[in-house]
Each structure stands twice: as C-alpha cells, then as structure tokens.
Amino acid sequence: MSSEDNKKKSIEDKLTTIKYNCDSESHLVINRELCKNCESRCCTYICPAKVYTYDEEKDIINVDYENCLECGACRIACPLNAIDWNYPKAGCGVIYKQS
Amino acid sequence: MEENQTQKFDVIVVGAGPAGVAAAVSAARGGARVLLVERSSFAGTKNMIGGAVFLSALKQIFPNAWEQAPVERYINKHTWSLLSDNSSVDISCDFPQNPKSASIFRSKFDSWLVEKAKEEGVYFAPSTLVKKLIKKNGCFCGVETELERIEADIIILADGVNSLLARKYGLRYDYEAKDTVLSIKETIKLSKEIIEERFNIEKGSKNGAARNFLGGLKLENAPFALGFLYTYTDSISLGLGVNLEDLSRYGLNPSDLLEKLKEHPVVKPLIQDGQMLEYSAHLIPEGGYKKLPKLCENGIMLAGDAAGFVNAIHFEGTNFAFISGKLAGETALAAIKIKDYSKKTLKLYEKKLKQSFVLKDLKSYQNVMRNLYSRTNSLMNYYPKAASKFFKIFSGASCIPKRDEFREFIVDFVKGRSIRELLKDAWAFIISIFGVLK
Chain A
1 MSSEDNKKKS IEDKLTTIKY NCDSESHLVI NRELCKNCES RCCTYICPAK
51 VYTYDEEKDI INVDYENCLE CGACRIACPL NAIDWNYPKA GCGVIYKQS
Chain B
1001 MEENQTQKFD VIVVGAGPAG VAAAVSAARG GARVLLVERS SFAGTKNMIG
1051 GAVFLSALKQ IFPNAWEQAP VERYINKHTW SLLSDNSSVD ISCDFPQNPK
1101 SASIFRSKFD SWLVEKAKEE GVYFAPSTLV KKLIKKNGCF CGVETELERI
1151 EADIIILADG VNSLLARKYG LRYDYEAKDT VLSIKETIKL SKEIIEERFN
1201 IEKGSKNGAA RNFLGGLKLE NAPFALGFLY TYTDSISLGL GVNLEDLSRY
1251 GLNPSDLLEK LKEHPVVKPL IQDGQMLEYS AHLIPEGGYK KLPKLCENGI
1301 MLAGDAAGFV NAIHFEGTNF AFISGKLAGE TALAAIKIKD YSKKTLKLYE
1351 KKLKQSFVLK DLKSYQNVMR NLYSRTNSLM NYYPKAASKF FKIFSGASCI
1401 PKRDEFREFI VDFVKGRSIR ELLKDAWAFI ISIFGVLK
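Each protein sequence line maps, in turn, to chains A and B. At position 7 of the first sequence (counting the first as 1) the number is 7 in our numbering, and the numbers step up by one without a gap. Just remember that our numbering sits 1000 ahead of the position in the second sequence, which is counted from 1.
DSS-like, lysine-lysine: derived pairs with alpha carbons at most 27 Å apart:
hint : chain 1 : residue 1 : chain 2 : residue 2
1    : B       : Lys-1363  : B       : Lys-1059
2    : A       : Lys-9     : B       : Lys-1268
3    : B       : Lys-1131  : B       : Lys-1343
4    : B       : Lys-1108  : A       : Lys-97
5    : A       : Lys-19    : B       : Lys-1262
6    : B       : Lys-1268  : A       : Lys-97
7    : B       : Lys-1294  : B       : Lys-1178
8    : A       : Lys-89    : B       : Lys-1008
9    : B       : Lys-1262  : B       : Lys-1218
10   : A       : Lys-19    : B       : Lys-1260
11   : A       : Lys-9     : B       : Lys-1262
12   : A       : Lys-7     : B       : Lys-1218
To list a few chain B residues with every Cβ distance to chain A over 12 Å, as calculated:
hint : residue
13   : Arg-1033
14   : Ala-1065
15   : Phe-1095
16   : Lys-1136
17   : Glu-1197
18   : Arg-1198
19   : Leu-1292
20   : Glu-1330
21   : Lys-1343
22   : Leu-1348
23   : Glu-1350
24   : Lys-1363
25   : Lys-1385
26   : Ile-1410
27   : Leu-1423
28   : Gly-1435
The set of hints was computed from the structure by calculation and includes no laboratory data. The C-beta atom is built at its ideal place from N, Cα and C for all residues, glycine as well.
Start from the sequences and build out the full structure, keeping to the hints where you can.
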C-alpha cells in the first residue's frame, strides 16, 4: 500500500467511529467546470474526512458527501468558490455523541 | 408547537448551542414567546468542543441550575508544553479548589441546556432547518423552514461558524482561510484509574486536566497549529487546531498532522492503549474584531460563533457565546416592550456588547493572533527547540563544563537566527502585550 493509501485508510478507520443519518442527496455540489481549472485541488487534502478525491482518468473530483463532518473548511478554502455548500436536510448528516 | 398556519412568536432563535439557548432563555424569562429552532434531531450532535466550557458564563445563564449540568471533570490543572522533535518543556498551573472550566460532551451538555430552556417556557423545534429568512419592508420578521413559514418580531441568529443565513442576507462576509482554524479531535477511551494516574488527578475525584502542545510536528514548514488534550470521566480528547490557510499552502491533511502529534514521544504515552471512540471536526472563526459582522439589522441580531466571537489565544468561545446570547435576548425584550424592532433599537445590543468583555476583549486582542501567525516558524520550530536545548544543558549532567555548553547554546541561539528575525519576534511579542494592555 502506498503512503497515500495508508493515509486514506487511516481516515476511513476514523470515520467508522462516527454515526451518520445519511441524506438521500448530496448537500455538497461542486462546479466541475470550475474544478477543471483548479491548480491546487486543496479540497482533496484539507478535508478532515477526505470527502473529495481526484479521479485522474476522468479528470474530475468525486464527492463522498456521506462522510462529510459539516465543518465547512472546503467551502472557505476552495480558491475558485466552486463548492455550493449547504447543510444536509434537517435531522440528516453527522451525529456526534462524544465530541 | 401548535399546528396552525399563522404561527407567530415574539422571538425566533436559530441554533440551539450556548449562544442560542442563552438568547432564548433570557428573552423567555422576561415573558417573551420564544421559539428555538435546531437543524439536528438532538441539540449538540452537530457540535464539537476541544473539551471544556467556562463555568463563570454558565453560572450567569443558569444561576440556580448550573451545578446540575452534565459535566465530565472540573478542569483545575493546565499544562502548556513546547514540543521539540523528541522532548517537551512544560509550564503548569494547578487550582485544586477553584476550577474555572469543566470538560463536556456537546451532545449531553447542549441537550441539557435545551431542557432547562424548555422548563422556562422556550418552545423548542428540533430537526428544523431554516432555509430562508422572511423580510418585509426592510425588516426581518420570520423564517422559512423546509416545511413552513414562521413569523416573529425578532430573529436571533446563533447558527454557528458557518452561518449560511448571515452570509445569504448580507450580514457578514465569509471568513477567509487565514482567519479560520480547522480543529479536529479524537475522543479516546481510557479507564478512570489510568486517567487519574497519567494526569496526576486525585483518585475518585471529579478533577481533571487540560494540556496544550505547541510544536512537535516535525515539519520544516510547520503550519500554525496548537494541540490540545482534555480529560473526561473515562476518556480523553486529543486534538489539533490548524490554520486553514496553512493547510492549503503546505498541502497538509489535518488528520495526518494529528497522527504526527500522536506519535510524539511525549504525547504517545498519554494515549497509550486507548481506544478511539469518536473522530470529529469543527471550524473556529478567529477573525475577531477586524472581521466583525453587522451585529444587528432591522429585526435581527447575531450571537456566538455566527458573529465570530472567539478569543483564540485563551481558548475562549463558549463564554462569548453564552454572554452575547444573553445580551441579544435582553435586547429583544427591550425592543418588544416598546414594540420597535428597528436597527435603531437593536443597536442596544451593540452597546451592551461594547460594555461587556465580549467586544472589549475582541478589541484589545485584535492584533494578537495576526502577530503570532506572522511568527509561525519561530513559535512552531525555533523556540521549542531552543527551550529543549537549554533544559537539556540545565538538567542533564553531561560531564562537559557548563560554561562551554551554555556558551555554545548562546552562540547557536544567535547564529541559528538572524538578529533581524530575533528582533521581529521580540517586536511581535511586545506589540501584542501592549495592544492588550494599552
């Protein structure tokens, strides 16, 4: 496993400790046209839940909104303002119990 | 809540955290009909706190009930550590009799706050997401949820750091990455006995400890980051707050940084054999006084994180939330009394904030974070390493003449950093202190 894979695995393990009530549709909508011009793709590394991953083959960013911790970091960090960031529907999303 | 089409309240508070509850309960105590709405099913389940809530503020909101609040441990022991690559230089204080804060889990604590507010007549609507605000004749006068419209004379936004509503209606600009800290943490299970032993806590007591870590991330280009640890009854939290701009700039993932902190030889034994219970993340607004939003407009006020009320250097946020919420609630009452909800009347909120520590502290601390941030490398790398070197000489009998060792230390200290940089560090320190005291 590459170190990048290891890191992804480490976050996946952490996410298994969290309870979610998953929304049926994504509360995070990205503008893929804008993303194509993005040089930093900082969403792919600053997100504490690794919600955003870059698919090199298709040249697109994938969004695993189900893992989102609703912190809002991606929204503020995105240099192109390409993320339409909303809250999940009422009662949906992350449910912290011991934080 | 009553089931009819034209629901009308005196006050609607959006967000059931410390600011929202304080606002709601303060208005309800004066006889106002208050609705408190919360997007999650249970208050506190969207929230994360490093660890502790300040008791002085909690007492002001619930003078009779505060002792029943579900707290984990009373934090009376604080330790600040400068971490070099493999050592630590600490300073500690211990107040065994008079704790100022208590560690909490937000889901339990915030739910308790809401229960108390309900007992005092506040109507609570969980699982309610406000999508829009209603504005008539230039005055905010209600909310639109996913399901219905609810009207009110006054809206108090206490919907947290991301406050989408405040941005949507032009009450504030978005925070910039440089003014924002991403905080992540892990709650780690450890037995009561182990916690008492590791953190030198009196057996069987409700006392607890908090630790902060500066440095120790073993990165040449270290981000501005501060580690924290709090003890709960039978678990601890270990986390890290990192400047968001630095994460982007240096291509870092916050979870990887926390892993580095967990591997530090001083931190590792503190969490040894612990089992991770929960991972969490939250943003902290640190723009402070210079990035204040419009605190009020016709029919609306902003409180807590939604207004950016945080004094990062002292880890203060919940106290700002409680007190700003209380002042917003009291202002709402004054406005209801004279039936004038215009900005002119609600300016009283701003006046009250200015008279309290909320705006006084934000003002006097307005440059401190920026000064420290401008000296990131000094704080994260240079001084922790220098402190470590000094104490290695001071405490480690190396059978080398002390004069030689100390001379070498001084030469290294000056050589390792140009006089210009040292002066810049000193200047940043002096103007920060002066800014607070002047």
